[in-house]
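Student: Listed below, chain by chain, are the residues.
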Amino acid sequence: RKEVEQDPGPFNVPEGATVAFNCTYSNSASQSFFWYRQDCRKEPKLLMSVYSSGNEDGRFTAQLNRASQYISLLIRDSKLSDSATYLCAVSRSGGYNKLIFGAGTRLAVHP
Amino acid sequence: NAGVTQTPKFQVLKTGQSMTLQCAQDMNHNSMYWYRQDPGMGLRLIYYSASEGTTDKGEVPNGYNVSRLNKREFSLRLESAAPSQTSVYFCASRDRNNPLSGNTIYFGEGSWLTVV
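Taken in sequence, the protein lines are chains A and B.
Residues in the first sequence are numbered consecutively from 104, following my numbering.
Residues in the second sequence are numbered consecutively from 96, following my numbering.
Note that these hints are calculated values from the structure, not bench results.
It is possible that part of the hints are untrue.
Stated by the list, open to error - Facing chain A, from chain B, some residues (calculated, C-beta under 10 angstroms):
hint, residue
1, Asp121
2, Met122
3, Tyr128
4, Glu147
5, Gly158
6, Tyr159
7, Phe202
From a predicted model like this one, the values you see are computed outputs, not experimental measurements.
Positions of the beta carbon are idealized from the N, C-alpha and C atoms, including for glycine.
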């Protein structure tokens with residue numbers, strides 16, 4: 104079983120829709136959680152960190168459920184420009200914090 | 096503002112050939128990483144370097160070697176390339192001592208490697 108798992112999608116949604124992605128992790132020692140965005144043939148870029156109490160950045164909301172070991176990303180009012188692959192990443196405590204990534208969920212927003 | 100720069104961007108190798116992927120960062124970061132990305136597998140950590148002079152294996156180190164030449168540079172070497180090493184390689188860095196941005200990993204633009 105992979106340490107970090109995501110539904111690969113693709114999620115095809117119309118503009119304006121609300122879409123949610125989940126990501127599960129298997130290591131209960133995981134301490135830090137992130138969502139990255141990756142455009143086609145580009146490098147991943149940090150979208151947002153995920154805090155224990157949940158956090159919001161504009162149309163994006165991230166949540167953490169430690170008991171069930173998953174994180175989620177909610178995108179409201181989807182835009183065409185949100186089309187990308189969304190990668191979740193987790194790191195364990197201590198030292199240099201290796202980031203372990205999920206395989207990514209592809210989102211396609213259509214007019 | 097260059098950030099993380101890796102070269103080459105594209106390379107085709109024959110099986111058995113060797114090559115080195117170069118990576119440099121100008122952000123004075125302590126930690127550097129090499130990942131590979133394959134369809135359906137996501138990003139997998141090959142090697143990392145917590146600081147100058149140290150390197151450690153990641154999830155998929157077999158077939159690779161690394162050198163942390165100085166604080167700026169972290170190279171990845173394929174001694175005898177195999178078709179299974181066809182992938183996109185990303186170098187990354189992080190400033191683990193910065194309480195504000197310490198969890199942010201910055202990636203290079205990627206190197207597309209094909210082994211035939």
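Student: Next step is simple, just say for each hint if it's right about the structure.
Tutor: How the hints compare with the structure:
no.: 1; hint: Asp121; verdict: violated, 16 angstroms
no.: 2; hint: Met122; verdict: violated, 14 angstroms
no.: 3; hint: Tyr128; verdict: holds, 8 angstroms
no.: 4; hint: Glu147; verdict: violated, 13 angstroms
no.: 5; hint: Gly158; verdict: violated, 19 angstroms
no.: 6; hint: Tyr159; verdict: violated, 16 angstroms
no.: 7; hint: Phe202; verdict: holds, 4 angstroms
Comparing the model with each earlier hint shows violations of hints 1, 2, 4, 5 and 6; every other hint is respected.
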